[in-house]
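4 protein chains.
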Amino acid sequence: MKRRAIVHRLPMAGPDDASALVAEIEAGRIDPAGLRAVLGKTEGNGCVNDFTRGYAVQSLRLALAPYLSDDVLGALPMVMSGGTEGGLSPHWIVLEEGEGPDGPPALAFAASLTASLPPQAIGRMAQVQAVRDATRDAMRKAGITYAADVHFVQIKCPLLTSERIAAAGGDVATTDTLKSMGLSRGASALGVALALGEVAPEQLSDAVIGQDWSLWSARASCSAGVELTACEVVVMGQSADWAGDLRIGHAVMRDAIDAGSVADLLDLVEPGFRAQLTPPSQTQVLAVLAKTEASPDGMIRGARHVMLEDSDLSATRHARGFTGGLLAGLTGFTELFVSGGAEHQGPSGGGPCAMIYKTS
Amino acid sequence: MKRRAIVHRLPMAGPDDASALVAEIEAGRIDPAGLRAVLGKTEGNGCVNDFTRGYAVQSLRLALAPYLSDDVLGALPMVMSGGTEGGLSPHWIVLEEGEGPDGPPALAFAASLTASLPPQAIGRMAQVQAVRDATRDAMRKAGITYAADVHFVQIKCPLLTSERIAAAGGDVATTDTLKSMGLSRGASALGVALALGEVAPEQLSDAVIGQDWSLWSARASCSAGVELTACEVVVMGQSADWAGDLRIGHAVMRDAIDAGSVADLLDLVEPGFRAQLTPPSQTQVLAVLAKTEASPDGMIRGARHVMLEDSDLSATRHARGFTGGLLAGLTGFTELFVSGGAEHQGPSGGGPCAMIYKTS
Amino acid sequence: MKRRAIVHRLPMAGPDDASALVAEIEAGRIDPAGLRAVLGKTEGNGCVNDFTRGYAVQSLRLALAPYLSDDVLGALPMVMSGGTEGGLSPHWIVLEEGEGPDGPPALAFAASLTASLPPQAIGRMAQVQAVRDATRDAMRKAGITYAADVHFVQIKCPLLTSERIAAAGGDVATTDTLKSMGLSRGASALGVALALGEVAPEQLSDAVIGQDWSLWSARASCSAGVELTACEVVVMGQSADWAGDLRIGHAVMRDAIDAGSVADLLDLVEPGFRAQLTPPSQTQVLAVLAKTEASPDGMIRGARHVMLEDSDLSATRHARGFTGGLLAGLTGFTELFVSGGAEHQGPSGGGPCAMIYKTS
Amino acid sequence: MKRRAIVHRLPMAGPDDASALVAEIEAGRIDPAGLRAVLGKTEGNGCVNDFTRGYAVQSLRLALAPYLSDDVLGALPMVMSGGTEGGLSPHWIVLEEGEGPDGPPALAFAASLTASLPPQAIGRMAQVQAVRDATRDAMRKAGITYAADVHFVQIKCPLLTSERIAAAGGDVATTDTLKSMGLSRGASALGVALALGEVAPEQLSDAVIGQDWSLWSARASCSAGVELTACEVVVMGQSADWAGDLRIGHAVMRDAIDAGSVADLLDLVEPGFRAQLTPPSQTQVLAVLAKTEASPDGMIRGARHVMLEDSDLSATRHARGFTGGLLAGLTGFTELFVSGGAEHQGPSGGGPCAMIYKTS
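Residue numbers (the UniProt record's numbering), protein chains in the order written: chain L, 1 to 360; chain H, 1 to 360; chain V, 1 to 360; chain R, 1 to 360.
Bound-form chain L, shown alone (with noise of 0.2 Å):
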C-alpha cells in the first residue's frame, strides 16, 4: 500500500459556509483523519482588512470540531486567500491523505508551520530563513526528496498592522500595513526559492526583499493575512511514495497575459485543446492555483495599465479580476484559486500556475 492524495473542490456559500465539507464527511466521501490541509479562496477584498479570512478559518474550525480532537484541529492548515474578483468562485480545496495499491509517483503533499514571527522578522531575512526550514520539513514529510518535483508551495503569512507597528516600537520593515503585506508575500517566496535551489543564499539580503525583482521562484505561492503570525507552508510535489491517479504541474506565466504558458500546462489534460478545455477535460482539473500581479513598471507587453494608480481599488483586485477571466476563458470554470501579489513569485507582472488534475 502506498500513500495517496485526494483532492476536493467544493463551493462555498460565504466565509462562515463549511457546509459542502460536512456533507461530504457525512455521506462518507471525505475521512476527516486523512485531511493534510484545507485552502479556502474567500470573497474578502484580499487586503488589509479582509475579514473574510479569519472568519473562514473559524467557521471551518467549528464545521470540524465534532470529527476531530482539539490538538489535530489545531494542527490543521488553513490557508485562507481572500479576493474573487471578476467571476472568479468563493470555494474549498481540500486536501486529503488516504492509502492505496501501487502504481507510478503521484501527486503528494505535506504542511509545516514555523513558528511565530515578531513584527521585526516580517519581510526580512528572518522570515526567509524561517520559510526556507519549513518547505524543507515540508518535503521530508510529504516523500519529496528532490526540488525539481515540487511543483507549488502554498504559503500563507502573517503582515504588520497598526499595533504591531507599535509594538515593535517602529523596528519594522515598512510601517505601511498594505505594503507589509507585499514583503510579507516577497520574503515567503525567496524561503522557497531558497529551498528548492531557485536562488543562492549569497544573493539575498534584506536590501533585495520587494526591490529586486530578478529574484523569484517559479512554484512559490503567498497570500498574506491579518489572522496569523506564524508562516503556513504547504508543499505539493509528486513522489514515488504515493500514488493514484492524481498529479501536479505548473507553468511560469511571463506577463499578464501569457495564455500560451497557461495552455501548455492545460495541454497535460488535452493536447492541443482550442482556446477552452472541452467540458470532460474541465472535469479531469481539480484545482488550479495561480498567482498574479500588476506589473511594477505600469506596462503589459508595451501598452500602459492603470493598476497602481488606481486608489479606488488595490492592485491586487485589478489583477486577480483580470488573471481570472484568462483563466477562466482557457479553463471553463471559475473556481480557481487566484491570489494577488506575486512579489518574488514568479518574473515581476507574470506569475506559477500550478493545475492538480486527474489522469485520463
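No lab work stands behind these hints, which were simulated from the structure alone. Misleading hints may appear alongside valid ones.
[To be verified] In silico DSSO-like pairs for lysine-lysine, Cα to Cα no more than 30 Å straight-line:
1. L/K179 - L/K358
2. R/K179 - L/K179
3. H/K179 - V/K179
4. H/K2 - H/K358
5. R/K2 - R/K179
6. H/K358 - H/K141
Since the structure of chain L is already known, use the hints to place chains H, V and R on it.
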C-alpha cells in the same frame, strides 16, 4: 472612387492626453476632415461619477480645435467609455473616412445623434424609439441597406443625476443614479434591436426594460455617461459603397467565460489559432469592442460569483476587468474597448464582441 | 428590589475580539446571566458584503459559550452594525440587567425577535407588521407602558441576496441587493413608528416604503445584515419598574449638520456645555446611538453633496463618517454607535440620536 | 488708496462647472483683472487618479479665457484639492485684489510658483527649499513682512507616477505613487515651516521627511496632484498694505476631534457661540480651510481607528469626511475646504484650520 474606412488605435496617457492623435494629424497620417467618430476608453470608474469621460471629450475638443471649425467639431461624435480595470489600457479608436479604388464590400460607418432626452425619457420607450430612429439614420448615412450588414452599434447615452431627477419632479424610471445607467443602456440596446429587427415592436414596453432579459441585440454596445443628455449612435458594418482592406465581424459571448465564441471571431484573422493570436495576427486586429456584465442570477456555469454582492466595487468594474483578462489572453494585447453593463446587449450574463481587422 | 440596568461600553480590536467582554465577566463586573443584549459596531463596510457583522456574532457566541447554556445564548440578541468610517472606533455596547434598591424611573430595556421573514416580506408591509408586534412585545417585557417612554428601538433586520431573490422566484420588493438594505431598514422603522403611534395604520402600504419620507419614527434605528433572516428588536426607554443611576434621552437631527439638536441632548449631562463635553461629562456618557443618511435630494442646507453620485463609496459609508465627525466633536470621543441608512428613521436627511448616561 | 482683498465662495456643479464664476464676472461683481488665485474643492477621490483636479483647472481656464490674456491666465494660480467626502460640498474660493480706502491691517495674499521639480526632488530637501523660497517670495508680493502675520499657506504640489518614477531611473523618495503624495505634501509643509521660522534649517534632512512628526507648520496646507510638476504657493495673512473688511485667523487642531480649538477660532465672528454658529455669523465666514489626517499611531484619544487598515477606502478620504462633519457641525455649512493628508501640517493626527471672515 469609393468611400474607404481608416481606423487608428492610439494610446492615451490620461484622459487629458490626445497628443497621439495630434501627432498623427501633424504627420499627415490622419486627415482631420475625414474624422467621423472618436471612441475613447478612459480610466475612470465607468460609473456615475466618472469624470474621465467628460475630461477626455473636453481635451479632445481642445486638441482638434486648430484643425476643425466649431460646427464640424461640435457635430463629431465622441464616445467615451470609462473603465480600464485589470490590465486594460486606455486608448483612442479613431474612425476616419477617406476614399480609394473599388473593391469588395468593406468596413463602413456613420453616426447620428438623437435630440436631447428629458429625464422622464431615460430608461423608457421614448429613449428606445429615439435610438431606433438614430440607428436607421446612421445606417442610411453609412450606406448600409440591410440590418444583417450591421455588426456593431456603439452608443453613448445619458443617465439620471440627483439634479435631473429633481428637475423631473420625480417622474423618472428610477431614483437610483447608478441604476439609471443600466436602464439607459438597456433602453438604447432595445432601440438598436428594434432597428435591426432583433425584437418586434409589440414585444416592447416600459415594463420590459431592465426586466425581460430574453430581449436583446447581438450588436448593440451602450455606455452611459453624465456628460451628455442625448444619445450618440455610431453604426459599424459592411457596405458595397465602401472598399479598402478593412472588415468587421462580431460574435456573441453566451456567458462571461465564453472563450469559444470569441475564438471563432478571431479565426477571421488567424484560422485555427491556439490560445492566443500570434504577433503577426495581432497587428491585423485594429479594434476589439466588447460588452460585459455580471450575470443577474449571480451564477456563471453553476458557480456563484460575488459581483452583485460587492458593495465596495461596482459590478461593472468587476466585469470589465474579468472579460478584459479573457480577451487579452486570446488576442495578446490590452488595448481592448471593453465596456461594462450589457443590459439587453447579448444574452443575460454575456455580451456582443466585435472586431475591426485588416485582410491579410 | 427593582430591576436595574447596567451598561458597558467595551473596545473591540477586530470583529473576532470579544476579549474585553470576557475580561469583565472574569473580573466579576458583568454577570453573564444578566445579559439582555449585545450591540456591536464593527469595522466592515456596513453594506451587503460586510462579513464583520456575522464574524462578530460568531466570535461573541464562542466567547460566551462557557458562561451560558445553548438555549440562553441562542436567544440573546446580538445586534451588529457595520461601519466605523472616519475616526469612529469599533466597540461593544453590553446591556445587562441586575437588580437594586428602589428609586425614580430609570433606563429599561428588553428584546424581542420576529419570526424568520421570507424574501417576499422584506421591505414590505409584512415586515412592518412583524416589527410592530415585536416592538410592542419588547415594551411589555421591559415594563414600559407608554410609547412616550420609549427613547430608542434598535433593530437588526435581514436583506435580500442573489440567492434569496432567486428563491423567491423574483417576487421581491427589489432585485438590487444594496437597495434591499434600505427597504428593509425602512420597513422596520415604519413598524416602530406604528407601534409608537408616530404614524397611523392607514398611512402605510407597500407603496410608501422607501418613497414617502414624510413618514418616520423619531426613535427607530435599523441596521440590515446578511447574517439573519428575522428582525431582532431591542427597545430602550425608561420605566418605573427599573431604578438605578442610568437614564436615556433622545434627539432628532433635522438634517446632517444639526449640531444644535445633539447639543440639546448632551445638555442632559453638562447643561450649557461649549463645543465639546468636558472630560468629566464624557465619562457620564455610556453610549451614543445615532442614525444618519445622505439626504435623498442631494442637498444639505442648499449646498450640493456628492454622496449619492459616488460609485466608489456607498452613501452610507460617506454618511457615517461625516456624522461620526460631528458627534465626536461634540462628545469628545469616538466610540459612537453611528449607523448608516436612516430611511423613515427621522426626517429625510436627518436621523435620531439617543444617549444613555449616568446621573451625576 | 490701499490694496483690498475680496473673497468669493461659489458653488460648483461638477469639475467642469465654472459658471458661477463667469456669472459673477458678467454681473460685474468680480473684476477678472483682479484675480490673484482660485482654489477649488473638487469631488474626486483626492488621491493619485483624481482627475477632477485637472479637469477643473482645464475648465476654469476655458471659462476665463475670454477675460484674460494667455500670459495672465497662465500665471494665475489654480489650486485644486480633491475630495468632498461626507456632506462636504464642491466649491470655488476666489481671491481677488482691488483697492479701497485706508483702514487697519486686513487680509492680504499673493502667490508664487517654484520651478518645475524633477521626480528626484519630490519628497526631498530640494522640494523643501524650493517651497521655502516661494513662500518668502509670496510674502514679499503680499506685503507681509513678519512671519507672525502669515495665517495660511496653501500649496499645490506634484506627485510621482509610474511614468515619472521610470523617468528618474528609480532615484525617487518612494516607488509607491500614493505614498509619494504624502511625501510631497510633507516636504512642502516643511518648506513653509522653514520660511516661517517654525523649524530650524539644521533640523531638516531627507530622513526626517515623512518620519519625524514633531516637526510641523501650524499654517501650511498642502495638496498633491498629478496635474502639475511645480509647487504653487498661495500665502494668506494680514498686512498694513491692505485694508477693507476682511480678516483671517487660524487655529491648530491638536487631534482629529479637537472641536475646542476650532471653536476658539470661530469666536472671532461670534464670541461664545454654542455648538453651531448662528445663521448671521455663518454669513460672515467667507472661507474655512483645514487639513486633516488619520493619526499615524492608529489611535484617537486612546481609542482605535481603522482608517489606516482599510484597503477599500484611503485614509485621506476617511479623514476628510470625518473632519468635514466636525467642522460642518460647528460652522453650520458644508462648503468647507477640507484637505486630506496633513503630514508635517499641524501635530500628528491634527492639522491647521484657517478662517477668512468679514468684520461684523
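Does the structure keep R/K179 and L/K179 at a Cα separation of 30 Å or less?
At roughly 10 Å apart (the allowed maximum being 30 Å), L/K179 and R/K179 satisfy the hint.
Against the 30 Å threshold, does the CA-CA distance of R/K2 and R/K179 hold or violate the hint?
violated, 44 Å
Agreement of H/K2 and H/K358 with the hint, judged by alpha carbon distance not exceeding 30 Å:
holds, 17 Å
Against the 30 Å threshold, does the CA-CA distance of L/K179 and L/K358 hold or violate the hint?
Not satisfied, since the Cα-Cα distance of roughly 38 Å exceeds 30 Å.
Please verify whether H/K358 and H/K141 have alpha carbons no more than 30 Å apart.
It holds: about 23 Å lies between the C-alpha atoms, which stays within 30 Å.
Is the Cα-Cα distance between H/K179 and V/K179 30 Å or less?
holds, 10 Å
Of the numbered hints listed earlier, those contradicted by the structure are 1 and 5.
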